[in-house]
Amino acid sequence: CFQELGRLEDALQFYDRVLELRPNFTEIHNNLGNIYRDLGRLSEAVLCFEKAVSIDMGFVEGYFNLGITFQELNQLDSSLKNYKKAIEIKSDYPEAFNNLGTLYKELKDFDLSIQSYQKAIEINSNYAEAFNNLGILYQEMGQLDDAIKSHENAININPQYDEAYNNLGILFMELGQLDRSIENYEKAIKANNNFIEAFNNLGLVFMNLGQLEKAIGYYQKALIIDSNFALTYNNLGLAYKNLHNHEAAAKCFEKGIVLDPNYTDAFCNYGHLLTEMDNLQDALSNYERAFAIKPDADYLLGTIIHTKMHLCIWTDYLNQLNELQTQINDGQKRIDAFSFMALIDDPEIQGKVSNIYFKDRNPRSNLLPQIENHPKHKKIRIGYFSADFREHPVSYLTAELYETHDRSQFEVHAFSYGPNTEDKMNLRIKAGVDQFHDVREMSHKEIATLSRSLEIDIAIDLSGATHSSKTEVFAMLAAPIQTSYIGWLGTMGADYYDYLIAAEGMIPKKNQKYFSEKIVYLPSYQVNDSKETPPRAIFSKRDLGLPEDSFVFCCFNNTFKITPVVFDSWARILKEVNQSVMMIYVSNKLAQKNLISEIKLRDIDPKRLIFGERLSRSEYLDRYRSADLFLDTFPYNAGTTASDALRMGVPLLTIQGNSFNSREAANIVNAVNLPEMVTSSQEEYESLAIELANNPKKLRIIKEKLADNLPGAPLFDTPLFTKNIESAYRIMYERYHDGLEPDHIYFADINRLT
Numbered sequence: 016c017f018q019e020l021g022r023l024e025d026a027l028q029f030y031d032r033v034l035e036l037r038p039n040f041t042e043i044h045n046n047l048g049n050i051y052r053d054l055g056r057l058s059e060a061v062l063c064f065e066k067a068v069s070i071d072m073g074f075v076e077g078y079f080n081l082g083i084t085f086q087e088l089n090q091l092d093s094s095l096k097n098y099k100k101a102i103e104i105k106s107d108y109p110e111a112f113n114n115l116g117t118l119y120k121e122l123k124d125f126d127l128s129i130q131s132y133q134k135a136i137e138i139n140s141n142y143a144e145a146f147n148n149l150g151i152l153y154q155e156m157g158q159l160d161d162a163i164k165s166h167e168n169a170i171n172i173n174p175q176y177d178e179a180y181n182n183l184g185i186l187f188m189e190l191g192q193l194d195r196s197i198e199n200y201e202k203a204i205k206a207n208n209n210f211i212e213a214f215n216n217l218g219l220v221f222m223n224l225g226q227l228e229k230a231i232g233y234y235q236k237a238l239i240i241d242s243n244f245a246l247t248y249n250n251l252g253l254a255y256k257n258l259h260n261h262e263a264a265a266k267c268f269e270k271g272i273v274l275d276p277n278y279t280d281a282f283c284n285y286g287h288l289l290t291e292m293d294n295l296q297d298a299l300s301n302y303e304r305a306f307a308i309k310p311d312a313d314y315l316l317g318t319i320i321h322t323k324m325h326l327c328i329w330t331d332y333l334n335q336l337n338e339l340q341t342q343i344n345d346g347q348k349r350i351d352a353f354s355f356m357a358l359i360d361d362p363e364i365q366g367k368v369s370n371i372y373f374k375d376r377n378p379r380s381n382l383l384p385q386i387e388n389h390p391k392h393k394k395i396r397i398g399y400f401s402a403d404f405r406e407h408p409v410s411y412l413t414a415e416l417y418e419t420h421d422r423s424q425f426e427v428h429a430f431s432y433g434p435n436t437e438d439k440m441n442l443r444i445k446a447g448v449d450q451f452h453d454v455r456e457m458s459h460k461e462i463a464t465l466s467r468s469l470e471i472d473i474a475i476d477l478s479g480a481t482h483s484s485k486t487e488v489f490a491m492l493a494a495p496i497q498t499s500y501i502g503w504l505g506t507m508g509a510d511y512y513d514y515l516i517a518a519e520g521m522i523p524k525k526n527q528k529y530f531s532e533k534i535v536y537l538p539s540y541q542v543n544d545s546k547e548t549p550p551r552a553i554f555s556k557r558d559l560g561l562p563e564d565s566f567v568f569c570c571f572n573n574t575f576k577i578t579p580v581v582f583d584s585w586a587r588i589l590k591e592v593n594q595s596v597m598m599i600y601v602s603n604k605l606a607q608k609n610l611i612s613e614i615k616l617r618d619i620d621p622k623r624l625i626f627g628e629r630l631s632r633s634e635y636l637d638r639y640r641s642a643d644l645f646l647d648t649f650p651y652n653a654g655t656t657a658s659d660a661l662r663m664g665v666p667l668l669t670i671q672g673n674s675f676n677s678r679e680a681a682n683i684v685n686a687v688n689l690p691e692m693v694t695s696s697q698e699e700y701e702s703l704a705i706e707l708a709n710n711p712k713k714l715r716i717i718k719e720k721l722a723d724n725l726p727g728a729p730l731f732d733t734p735l736f737t738k739n740i741e742s743a744y745r746i747m748y749e750r751y752h753d754g755l756e757p758d759h760i761y762f763a764d765i766n767r768l769t
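Quick note on the numbering used here: the sequence shown kicks off at 16 and runs consecutively.
Hint data in this document are derived by calculation from the structure and do not stem from the laboratory.
All values reported here derive from a predicted model rather than from experimental measurement.
Hints are not guaranteed to be accurate.
Claimed, not checked - Distance windows between CB atoms, simulated: (1) N141 <-> S69: 29 to 37 Å; (2) S696 <-> K546: 33 to 41 Å; (3) Q296 <-> H392: 47 to 55 Å; (4) V580 <-> D723: 30 to 38 Å; (5) E406 <-> N89: 55 to 63 Å; (6) N89 <-> K604: 42 to 50 Å; (7) N209 <-> P310: 30 to 38 Å; (8) V580 <-> Q90: 48 to 56 Å; (9) N593 <-> K718: 16 to 24 Å; (10) E563 <-> K718: 17 to 25 Å; (11) K266 <-> S696: 47 to 55 Å; (12) S93 <-> I386: 55 to 63 Å.
Backbone N, C-alpha and C define an ideal beta-carbon position, used for all residues, glycine too.
Kindly produce the complete structure, drawing on both the sequences and the hints.
Put into structure tokens, the structure is as follows:
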């Protein structure tokens with residue numbers, strides 16, 4: 016009676032008194048064992064059960080309970096031995112077979128696990144728990160159809176089986192069938208309105224759909240049930256982070272970590288939030304705490320390396336890079352596609368990283384039906400998708416493109432999922448397109464559905480693998496033709512992107528096999544704004560902290576693109592060029608401190624490093640007037656900074672590598688007809704930099720050539736670029752309506768139509 020009422024300590028005293036009178040009472044020893052187990056006193060429980068079976072060696076329930084207790088103690092061999100003994104005594108014991116199935120699953124012997132569950136079901140065809148456990152096993156094995164059938168069998172037996180509904184919700188979520196996932200989570204909650212996991216999982220579904228407010232509502236309901244549920248605090252933090260409510264997100268991650276000091280995901284997500292807040296030092300600290308707990312956590316090693324690159328922390332750089340490569344080649348999830356671009360110049364391994372990452376994070380979604388063939392439109396409807404229709408490098412490059420499209424041939428839409436800044440660039444783009452769709456409050460499904468309802472023919476992803484992307488929209492198919500351009504210089508590694516826009520020389524034919532998309536080869540890659548004029552002079556050398564009589568090398572690329580190998584080159588160049596300085600864009604104080612330490616290690620006076628802060632667009636452009644030569648990074652080249660330097664009359668020296676992103680600057684330099692500034696090795700790069708700095712006449716000739724070339728250069732001929740890309744769009748469109756699969760589009764094809 017005490018045991019049934021939950022008064023376990025009273026029950027213990029009662030059973031102890033009974034055993035004083037009847038020390039060999041088997042059932043009492045067994046009951047005592049169950050109470051100790053409920054109290055978490057597992058070693059004492061084992062002694063009680065062992066006493067019971069020593070009194071009665073045929074006491075099957077005692078062996079069964081020993082199996083359970085040893086399993087909880089993770090003494091799996093002892094657990095297995097006792098379950099088998101129970102079955103030996105009672106061969107039709109379904110509960111023992113069910114538990115044996117779970118034990119074999121823990122031992123990773125899936126065949127014996129399946130056999131055990133099936134034996135339990137054979138003995139008792141209405142054993143809902145065994146069907147549910149079999150479904151969980153099938154799910155772990157990737158046999159999702161069998162898993163669904165097993166859970167449905169459990170529900171047919173017990174229509175109020177909340178756990179089976181929840182498991183079905185997880186399965187359908189994994190399959191991308193989010194409507195069915197929601198339906199099953201709701202049924203789980205209807206069966207058990209305190210089922211915290213189902214509330215949490217509903218939040219996850221709505222997070223995946225981009226419906227963040229709805230997700231937050233379900234997370235908050237979960238926390239009403241249990242205010243100490245660390246998992247939900249982590250997920251709630253993610254929702255707030257995605258809404259850019261940094262303060263609320265930080266509180267959630269901190270609470271999750273307090274509740275579970277070994278919660279790897281919470282440390283990682285807090286690190287991501289701090290990165291977003293430009294607090295990279297604390298972000299790295301959180302990543303490293305996560306790594307200490309779980310060094311094989313997905314993408315964590317790469318995140319640590321990338322953060323260190325931002326901070327210019329290069330300790331153990333080569334060893335970490337080698338370790339990273341080895342694990343990628345083994346198919347492990349170790350780094351996201353964007354972070355990897357700056358590390359290794361190898362299109363094959365870059366392709367592997369993208370394939371691993373996007374298949375894991377953004378597999379093709381079946382949430383929406385296949386797109387029915389759009390009718391041919393009088394005008395081709397193109398949709399540009401971005402979070403950056405504002406003062407941002409992507410918009411500085413593309414704003415005139417939207418304005419220049421031939422409106423007799425094309426209808427231009429912009430789908431904006433970034434902030435509605437109402438700044439000058441945002442207003443310009445709104446005026447420059449036919450329809451501007453502010454979709455930041457919409458779910459991924461709603462954005463894709465809107466695009467389909469407008470019968471967009473070609474959807475262009477301007478974000479790719481960057482942090483502001485919404486790849487989920489493209490995974491649902493926003494348009495019958497989908498392509499990637501400008502924001503990402505790599506393959507998306509996904510079968511739902513048809514084309515990738517590049518240029519001649521950027522992706523050699525031998526490298527096409529490393530891309531999941533078909534390549535569009537434009538004459539030049541980077542669109543620009545020909546309407547932008549150089550700003551008035553603002554700074555003197557003194558204003559920027561530059562010695563008046565110095566030769567000024569510069570690089571305004573992000574610090575994560577500066578590798579120790581590149582920095583070695585810069586140091587050697589500075590050594591060979593007297594009175595030279597290197598002006599670098601470094602906004603982070605710790606990165607500045609680390610670069611000062613690194614330049615000292617290379618025997619260079621740290622005063623020769625000049626750090627440029629973040630400036631307004633006009634101030635940033637004017638700063639180039641004080642520079643003599645831009646030294647590019649490798650393997651991740653300059654992009655917007657390259658064309659900005661050339662626009663301001665500063666020649667750019669680059670190394671052309673093997674991968675897409677290590678050939679971008681070469682294409683940009685060639686688009687102003689300065690092929691002599693493209694080198695093919697580190698040695699050639701250093702030698703030419705030293706020669707140009709020490710030979711003012713030769714550098715002056717190159718600067719004069721650049722000045723002469725700029726007015727007619729393809730790099731700043733936006734109408735010409737627009738005609739070329741429109742020709743590519745027409746070829747994509749005609750192939751689609753002719754029933755042909757996407758194929759590579761070459762310059763000759765484009766030239767034929769322009």
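Now the hints, each set against the structure:
| no. | hint | verdict |
| --- | --- | --- |
| 1 | N141 <-> S69: 29 to 37 Å | holds (35 Å) |
| 2 | S696 <-> K546: 33 to 41 Å | holds (38 Å) |
| 3 | Q296 <-> H392: 47 to 55 Å | holds (52 Å) |
| 4 | V580 <-> D723: 30 to 38 Å | holds (34 Å) |
| 5 | E406 <-> N89: 55 to 63 Å | holds (57 Å) |
| 6 | N89 <-> K604: 42 to 50 Å | holds (48 Å) |
| 7 | N209 <-> P310: 30 to 38 Å | holds (36 Å) |
| 8 | V580 <-> Q90: 48 to 56 Å | holds (52 Å) |
| 9 | N593 <-> K718: 16 to 24 Å | holds (21 Å) |
| 10 | E563 <-> K718: 17 to 25 Å | holds (19 Å) |
| 11 | K266 <-> S696: 47 to 55 Å | holds (51 Å) |
| 12 | S93 <-> I386: 55 to 63 Å | holds (58 Å) |
The structure is consistent with each of the numbered hints, conforming to all of them.
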